[in-house]
Structures are given as structure tokens and as C-alpha cells.
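Visitor: Now for the letters of each chain:
There are 2 protein chains.
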Amino acid sequence: MAQGQRTTIKDIAKECGVSLSTVSLVLNNNSRISEKTRNRVLASVKKHGYQPNIHARGLASQTSEVISVVVPHLNHVFADIYFGEIVSGIYDRACDDNYKVLLDVANSKFVESQEYINILKSRRVDGMLFIASSIEDDYLRAFEGSPYKFLLVNHFFPNSSLNFLGVDYRDSARQAADHLLGLGHRNIGVIAGTNTHTGLAFRDEFIARCRAAGLDEKAVLWEDGGRDWSQEGGFEATRKLFATNPAITAIMAGNDRMGIGAMRYIHTHNLKIPEDVSVMGVDDIPQAKFTTPGLTTIRHELYQMGRAACERLLALFRGDISTCHEVLPVKLIVRESTGPAKT
Amino acid sequence: MAQGQRTTIKDIAKECGVSLSTVSLVLNNNSRISEKTRNRVLASVKKHGYQPNIHARGLASQTSEVISVVVPHLNHVFADIYFGEIVSGIYDRACDDNYKVLLDVANSKFVESQEYINILKSRRVDGMLFIASSIEDDYLRAFEGSPYKFLLVNHFFPNSSLNFLGVDYRDSARQAADHLLGLGHRNIGVIAGTNTHTGLAFRDEFIARCRAAGLDEKAVLWEDGGRDWSQEGGFEATRKLFATNPAITAIMAGNDRMGIGAMRYIHTHNLKIPEDVSVMGVDDIPQAKFTTPGLTTIRHELYQMGRAACERLLALFRGDISTCHEVLPVKLIVRESTGPAKT
DNA sequence: GTCCTCGGGTGAAACGTTCTACCTATAGCA
DNA sequence: TGCTATAGGTAGAACGTTTCACCCGAGGAC
Chain A
24 MAQGQRTTIK DIAKECGVSL STVSLVLNNN SRISEKTRNR VLASVKKHGY QPNIHARGLA
84 SQTSEVISVV VPHLNHVFAD IYFGEIVSGI YDRACDDNYK VLLDVANSKF VESQEYINIL
144 KSRRVDGMLF IASSIEDDYL RAFEGSPYKF LLVNHFFPNS SLNFLGVDYR DSARQAADHL
204 LGLGHRNIGV IAGTNTHTGL AFRDEFIARC RAAGLDEKAV LWEDGGRDWS QEGGFEATRK
264 LFATNPAITA IMAGNDRMGI GAMRYIHTHN LKIPEDVSVM GVDDIPQAKF TTPGLTTIRH
324 ELYQMGRAAC ERLLALFRGD ISTCHEVLPV KLIVRESTGP AKT
Chain B
24 MAQGQRTTIK DIAKECGVSL STVSLVLNNN SRISEKTRNR VLASVKKHGY QPNIHARGLA
84 SQTSEVISVV VPHLNHVFAD IYFGEIVSGI YDRACDDNYK VLLDVANSKF VESQEYINIL
144 KSRRVDGMLF IASSIEDDYL RAFEGSPYKF LLVNHFFPNS SLNFLGVDYR DSARQAADHL
204 LGLGHRNIGV IAGTNTHTGL AFRDEFIARC RAAGLDEKAV LWEDGGRDWS QEGGFEATRK
264 LFATNPAITA IMAGNDRMGI GAMRYIHTHN LKIPEDVSVM GVDDIPQAKF TTPGLTTIRH
324 ELYQMGRAAC ERLLALFRGD ISTCHEVLPV KLIVRESTGP AKT
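Those protein sequences? They're chains A and B, same order as listed. In this text, residue positions in the first sequence follow the numbering used here: the first is 24, and each later residue adds one. In this text, residue positions in the second sequence follow the numbering used here: the first is 24, and each later residue adds one.
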């Protein structure tokens, strides 16, 4: 295993008495080479444990077979289940096609040094999947009309032609609103994530649906859950909502974690779920099933979304498609945290 | 942004009327070049948004400035908080030195095609951090005495010289045992992760400590928590433990998730924590603080471990060190899930 | 016998850097 | 004057592939 010089294509060629081209063609499964020669080459390759130099290959072929996944700059972001589920989907799909996945975090260095474009210019990666989702990430508009392969995951920019794939947040909001309204709730508090366009879309559609059902401005309040959509943020937002309207009988959280924070607030104030207050989340993370009571939520198939996003990026590489603007369906999951409104 | 040919060092050289070497030296901050020329070149670089081709650079310099992080083949592994915390630490440290992080999963393809070594041979990465931790990953012993830069993270092989860095699981076990014994517990159930050497070390040291305190074989039982150390596994193991010894007053879980599963089992059987049964975990994941009651645990600084592991790998690159066998300290975190044994 | 085709293979340019060895002009010094 | 040192810069080999254009020989068609 320890050797001074690594084996190169030249060594293989010499040993087999063929040209470099022949070895290269064999390695790339080109049918020009006869069975006999092919086997001789392959045997030699195996014998030496030869592996093509990735840089030489990338230089000559102008591709890297690597994709970059960009996540936002949050504390310990890779420990976040939301991003983790998506990344898992991306990885698995990429792996199927022998693509590698490179990590990137959209921190200030990444933005200021324009790493987001340099990584493509330098050919380090063939394309990017951008999960980092903030309404502030406006620099991405630079990709409009660019030749680079690029896809936003569960995130979009209004009035932009950037490729994206995500779940249908507006339908999500409608299903959630209909569920709570159907249970008779007339005083609802919304905990919104306001730093993404999808979060805003969810909030606005949810409120619009409630208004359409006859709830007035005071009957459906919203509060910001904070920029990291955390349990703590949900806890705090719930406090504020109850302070403004003590008659609230349902809390709609923009994601499950904030929903769990809301449950915690409600429990610590000796209210019963769902008898006194119903709570809903969004995403259906595994934890949602294990809360007491189980959390009613709208399932967003994050893993599948990751897979699909990666699939579309690969399709862009292949030229099978040239744009992508796609939303995936969502599904209401009723558990025990929602029930008829207290009368 | 859209151009036919990307700018190369040649374009810059031509525009500035200097040689390729000069441009290259400027880009690598070599002091040979005068301030004047340097500025001229840098201006041109900036103007064209020039970025060196990563493959050309890698080919010439024989490095890639990329490290690979290998995690085990679990379902949706990147959504796992344990690995997520470590990966976050690794990423942040790598980022400080402008290294990139590539993901790998130790699935059957990875093992059978010997990707673990090919990725190094092909120069795709300069080194590897192996978080994938199973006693079955014996193929890694192939790295003993190899020239490749390689480090096991929170994982070790007995009787092996492989580099590693992790926390001190034996000390962890001693602190946990002393805490429970000190509270008067004399019937203890251990939920162990048995598919890692660290998990086995924890179990064995914990039991040894209890025996040393006078507990006999029946008084300290252990049960396997399953290969993914999950909440469900902890739940099921707890059931078995109580079936064997209904007198148990304390459960020691090999990680927090299994501990949370244990708590769930205990709650659903109308026992009180800690009045009837004390429960302890290991790791101190953020969730441990939010359980009811809060989970007593041994804090393993996973993020810091990731950072440290990456730091050591970089030190191996630089040649500052040539081996690494290091354990990090752990700390008992007492919350409300443990209390005096019921008499 | 000549021309075509085609299977199987080769030669060498191209990809875009890094880096060593070398060059030149000028200054300093005895 | 001749010698050395040095600052500033250059030429070109090397890195290890891919791939296009080309070659050769054999078989078939006419």
C-alpha cells in the first residue's frame, strides 16, 4: 500500500504493451477495445490497485462529478434535523449516480468572497443545491441567466426565474387552516418563520384562509418564531401570543420544533393539550410522533425532497431538462395534539 | 457571467504582459514579485473574476485541500444529531483553514469497491475522518502503516495503531456509576450500544465499577439497545430489563436517545421519574435539557470533538504530528431524572 | 485488382496549473 | 575594473488524464 510513486495509466499501458489511449478507453468502457485487450488491461489495473487521478481526469474532461450542498449559517447546522433529512436524500440520490457531495455553509466568508460562484468557476463542483434559505440571500439572483447548474431546495425567490424544487407551502397552509377551522377554532395564534419566503407564504396563506372563513384580524394573530425556527423560539412566541389574546384555543406553528416549544409553554402553564389548546406543527419530523400528546402536523417529505432535488440537478447536467420549477404535495397527519375547540 | 471560455491564467498573463509563472506566483503570494506587478495582476484577476481551475492546481500540486468525512450506513444518517454535531465541528474547523468537506457513507458499495482507499489514491481528498463506528469495520485495519492521513473519530480498534481521537468512555462510565451508586441505587439496568468498541468499553467499565461497589451479577443487568442507538431501541431494552428484574431503580442508557426511550417506557407504565426509577443518558444532546424531567447525563462535547479531530488531521497534513491517540474529558450533568433510590 | 468499410488501436494535443532552474540588470564593494 | 549578490522575472517541464484525428489490416463488394 505504501509506494513512492502511485501507479498511473502509463504504468498500466507499459505493462500491457498498449497505448495510453487504450487504457483510458478501457477504463471508460468504450466498446472500441476488444474483449481480449480489455481483460488484459483490467487485470493489470486490479493487480496494481490503480485508481485514476481525479484531478487529471477533471482537467481533461472539464467535469468533477461533485455537487455542492449549501446550508445556512446556523449554529451546528448539520445537527439540524430539517437540513439533515434533506441532505440525506441528496446524498443517497447522488450516490446512486456516483456523484460526490461537498458541504458548504452560507456564512459571511462564503458570501463575501463569492464562494458560491467561485466554486463553480473553479470547476470544483458541477452544480449546486442551495438549501440555505433566507430572504436576505439576494445575491443568488446573480445566477439568473447564468450557465451554471443551480437549484434552490424548498426555497424560492418571488419574481425570479431561478430553478427550484420544494413542497407546496400554500397548500400546506390551507390544509392546516381547514383542519383547525373544522374543529371549531376561532381564536388562533400563528408562530411564523419570517426569514424565508416559504415561511411567509405559509403564514399569509394560512391567515387568508382563516379570514375567508370569517375570522377577523384579532382572531388570527401571528408572532415571529425567530430566525432559527427553534423550540425556544416557539416557546417565547407562544408566550407573546397568549399575552395578546388569552382566548386562543389553537396554536399553528410554522414547523414542528416551534410547535414542540409551544406545547412546552402550554404544559408549563398547566393547560391541557388538546382540551384547552390545540397545537399543530409542520414537517412531521420523527420527534413529532413521540411528543405527549403526539403532534398533529403537515407532513413535508424532506428526505424525498432531497432526493428529488438531486435528481433534477442531475437531469440538468444530462440536459434532460433545462429549467425546474416544481412543488411536491403535502399531507395532513392528525395526531392527538389537536381537538375540538373549547366552547 | 456567461462566457464561452473561462478565463485562465494565460489570459491574465497576456493582459498584464507578464509570464504565466508571474501570475501563478502572485496568486500564491510569493514575495518574489514586485508590488507594482503584483497589483497589476491582481487588478486584472479581479476584473475578470478569475478563479484558478481546481483540477489543474490539484494535478500540479498533488493536493486537493479536501477532507472526507465518513459516517455509518444508517437510515437518514445526516439527520442524526450525534453525527450532525461532530460534522458541524469538523466543518467549522476545516473552513477556518480553507479546506472543503466531502461526505461519504460507509455503505456496502463504499466498502466493497474499496472506496475508502480509492478516494485517497485518486487524490480526491488529502485525508479522512472516520466517524463510522462499528466493530465490524475491520477493513480499516488496512490503513495501519499506510502513508495516508486518516483518523478515527470517537472510535477505536483494540490493539491497533490507527490514529484516533474521542472522548474518554471509561471515565464517562465511572462518573455515571459513581453518581447512581452514590444515590443508593443497588439494582441497575444498563442499555448498551454493543456495535462499537466505545459502547462496549462503556458497558464493561460501568459494570465493573458497580461490581467493585459490591453489586452482584443480578443487580446490574445489561441489555442491547439495538444497532442504531435509537429511542425505540431504548424503549424496548427497558421493557426487557424490567421483565428480568422488576426491582430495578435506575436505568443507565448508553446515549441520551435510548435514555429518552427508557423514560417513555417508564412513563407509559405509570412509574415516576426519579421517584420510582432514575434514568441517565450519555452525550447531553440539546433535547436532554427539554425532556420532562430533564435528563441527567454525561456530557460528551461532540462539536468540540469534531473540531479537535479536524485540527489533528490538519496537523498530520502539516507534519506537526505523526500520530494521534487522544481522549477528551467528559462531565457529569445532573438534572432531574436521577434521584435517591426508592427504599 | 481496386475500392470501401470497419474493427481495433495509436499518437499527440489539450486541459490549466505549479515550480525549478535559469536569465538579466543593477548595485555594492574592494 | 571585475566580482558577487540580489531583486525581479521567465521558460518550460511536469502533473495524468481525455479525446480527436488518424492509421493499419482484413474482409467484402464489384
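For the record, the hints were derived by calculation from the structure and aren't laboratory data. Accuracy of the hints is not assured; some may be wrong.
If chains are identical, the list can't say which one is meant, so a pair holds when it fits in one copy or spans any two.
Unchecked claim - In silico DSSO-like cross-links for lysine-lysine, where the CA-CA straight-line distance does not exceed 30 angstroms: (1) 33 with 241; (2) 59 with 70; (3) 365 with 172; (4) 132 with 172; (5) 59 with 295; (6) 70 with 172; (7) 312 with 263; (8) 144 with 172; (9) 354 with 295; (10) 312 with 295; (11) 354 with 59; (12) 70 with 295; (13) 70 with 144; (14) 37 with 69.
Visitor: Quick one: which hint numbers does this structure break? Sort them smallest to largest.
Guide: Violated hints: 1, 3, 5, 11 and 12; rest satisfied.
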